[in-house]
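Participant: Chains as they are written, first to last, in the working numbering: chain A, 1 to 113; chain B, 1001 to 1120.
These are computed hints drawn from the structure, not numbers from a lab. All residues carry an ideal CB built from backbone N, CA and C; glycine is no exception. Heads up, a few of these hints could be off.
For lysine-lysine, the following DSBU-like pairs were computed, each having C-alpha atoms within a straight-line distance of at most 35 Å [unchecked claim]:
(1) Lys1014/B with Lys1055/B
(2) Lys1064/B with Lys1020/B
(3) Lys50/A with Lys37/A
(4) Lys100/A with Lys37/A
(5) Lys1066/B with Lys68/A
(6) Lys100/A with Lys1041/B
(7) Lys59/A with Lys100/A
(8) Lys26/A with Lys1041/B
(9) Lys68/A with Lys50/A
(10) Lys1041/B with Lys68/A
(11) Lys67/A with Lys1014/B
(12) Lys50/A with Lys1014/B
(13) Lys1066/B with Lys59/A
(14) Lys1041/B with Lys37/A
(15) Lys1041/B with Lys67/A
(16) Lys100/A with Lys1066/B
(17) Lys1066/B with Lys67/A
(18) Lys1014/B with Lys37/A
(19) Lys1064/B with Lys100/A
(20) Lys1020/B with Lys37/A
(21) Lys26/A with Lys1066/B
(22) Lys59/A with Lys1041/B
(23) Lys50/A with Lys1041/B
(24) Lys67/A with Lys26/A
(25) Lys1041/B with Lys1020/B
(26) Lys68/A with Lys100/A
(27) Lys26/A with Lys59/A
(28) Lys1064/B with Lys1014/B
(29) Lys1064/B with Lys50/A
(30) Lys1064/B with Lys37/A
(31) Lys1066/B with Lys1055/B
(32) Lys50/A with Lys1055/B
(33) Lys26/A with Lys1014/B
(34) Lys1020/B with Lys67/A
(35) Lys50/A with Lys26/A
The following label-pair restraints were derived from C-beta to C-beta distances [unchecked claim]:
(36) Ala77/A with Ser1015/B: 47 to 53 Å
(37) Leu1068/B with Val19/A: 28 to 34 Å
(38) Lys59/A with Thr1057/B: 34 to 40 Å
(39) Val1003/B with Glu16/A: 30 to 36 Å
(40) Gln8/A with Arg1116/B: 41 to 47 Å
Letter by letter, the chains look like this.
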Amino acid sequence: QQPVQSPQAVILREGEDAVINCSSSKALYSVHWYRQKHGEAPVFLMILLKGGEQKGHEKISASFNEKKQQSSLYLTASQLSYSGTYFCGTESMTTDSWGKLQFGAGTQVVVTP
Amino acid sequence: GAVVSQHPSWVICKSGTSVKIECRSLDFQATTMFWYRQFPKQSLMLMATSNEGSKATYEQGVEKDKFLINHASLTLSTLTVTSAHPEDSSFYICSAPLPLYDLPHPYGYTFGSGTRLTVV
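Chain A extracted, bound-state conformation (with noise of 0.2 Å):
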């Protein structure tokens, strides 16, 4: 089942923030974060695991509420470069699922000057 991502859209201004969600009606062992440009494939921001860790990249970092099975990605002062569509990707606890991604519909972000 596909985790639920929102919004589906956002535009912002280059140094804005956004927030983008995904949330899971299953237990998750960890929440993967990708950005892809139109064309071209997915490219791995981030993974983050059962434990409720935080994690950064320059200036874009997620967390992980293992309890709500919910995880947010935080774009901070956003850059042109940032723009892209992000998806969250969840693993779910079962053993049938290990390694198996399920991807939530994405999240346009446009970045403008």
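Given the coordinates of chain A, work out where chain B should sit on it, guided by the hints.
Facilitator: Relative to chain A, chain B alone:
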């Protein structure tokens, strides 16, 4: 870093013909490869999981006889779309777990560059 090379990047074929897509892990061994399909403006949908030396496992609703997957070696997995039809036109992407030597769980997944298939 770990790279998966995917070919071709795009292909146009006639309805009824077969198309083979290759994914090679260049600097690591990929015992597992995941195959995804992505329709325009939609998310990636997992089609199947291939494991070196064994049969692929397909997700519900994916036709095994139509999407043939072969994982003959630790560095090569192929997806063949047989008797392609216009509705098979899509973006196909492979993905392999990134190797991680000090944790039991892969750190992430590296994706091939994708293959845009157009069936006319």
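Participant: If you draw a straight line from the CA of lysine 1064/B to the CA of lysine 37/A, is it 35 Å or shorter?
Facilitator: Holds, because 30 Å separates the two Cα atoms, which is no more than 35 Å.
Participant: Quick one, are lysine 68/A and lysine 50/A close enough, alpha carbons at most 35 Å?
Facilitator: holds (12 Å)
Participant: Hinted pair, alpha-carbon criterion (35 Å max): lysine 1066/B, lysine 1055/B. Please report holds or violated.
Facilitator: OK: lysine 1066/B and lysine 1055/B at ~15 Å, within 35 Å.
Participant: Starting from the range 30 to 36 Å, see whether the pair valine 1003/B and glutamate 16/A falls in it by beta-carbon distance.
Facilitator: holds (34 Å)
Participant: Holds or violated: lysine 67/A with lysine 1014/B, Cα cutoff 35 Å?
Facilitator: violated (50 Å)
Participant: Within 35 Å, alpha carbon to alpha carbon, are lysine 1066/B and lysine 59/A?
Facilitator: Distance of about 44 Å is beyond 35 Å: violated.
Participant: Between lysine 59/A and lysine 1041/B, is the straight-line Cα distance small enough, at 35 Å or below?
Facilitator: holds (26 Å)
Participant: Sort out whether lysine 1014/B lies within 35 Å of lysine 26/A, counting only the CA atoms.
Facilitator: Answer violated: lysine 26/A to lysine 1014/B is near 41 Å, above 35 Å.
Participant: Measure nothing beyond the straight line between the CA atoms of lysine 50/A and lysine 1041/B; if it is 35 Å or shorter, mark the hint as holding.
Facilitator: holds (30 Å)
Participant: When you check the alpha-carbon spacing of lysine 26/A and lysine 1041/B, does it fall within 35 Å?
Facilitator: Distance ~25 Å between lysine 26/A and lysine 1041/B Cα, so the pair holds.
Participant: So if I understand the rule, the pair passes when the alpha-carbon distance is 35 Å or less; does lysine 50/A with lysine 1055/B pass?
Facilitator: holds (30 Å)
Participant: Within 35 Å, alpha carbon to alpha carbon, are lysine 1064/B and lysine 50/A?
Facilitator: Satisfied, since the Cα-Cα distance of roughly 33 Å is no more than 35 Å.
In the structure shown, a violation is registered for the earlier hints numbered 5, 11, 12, 13, 17, 33, 34, 37 and 40, in ascending order.
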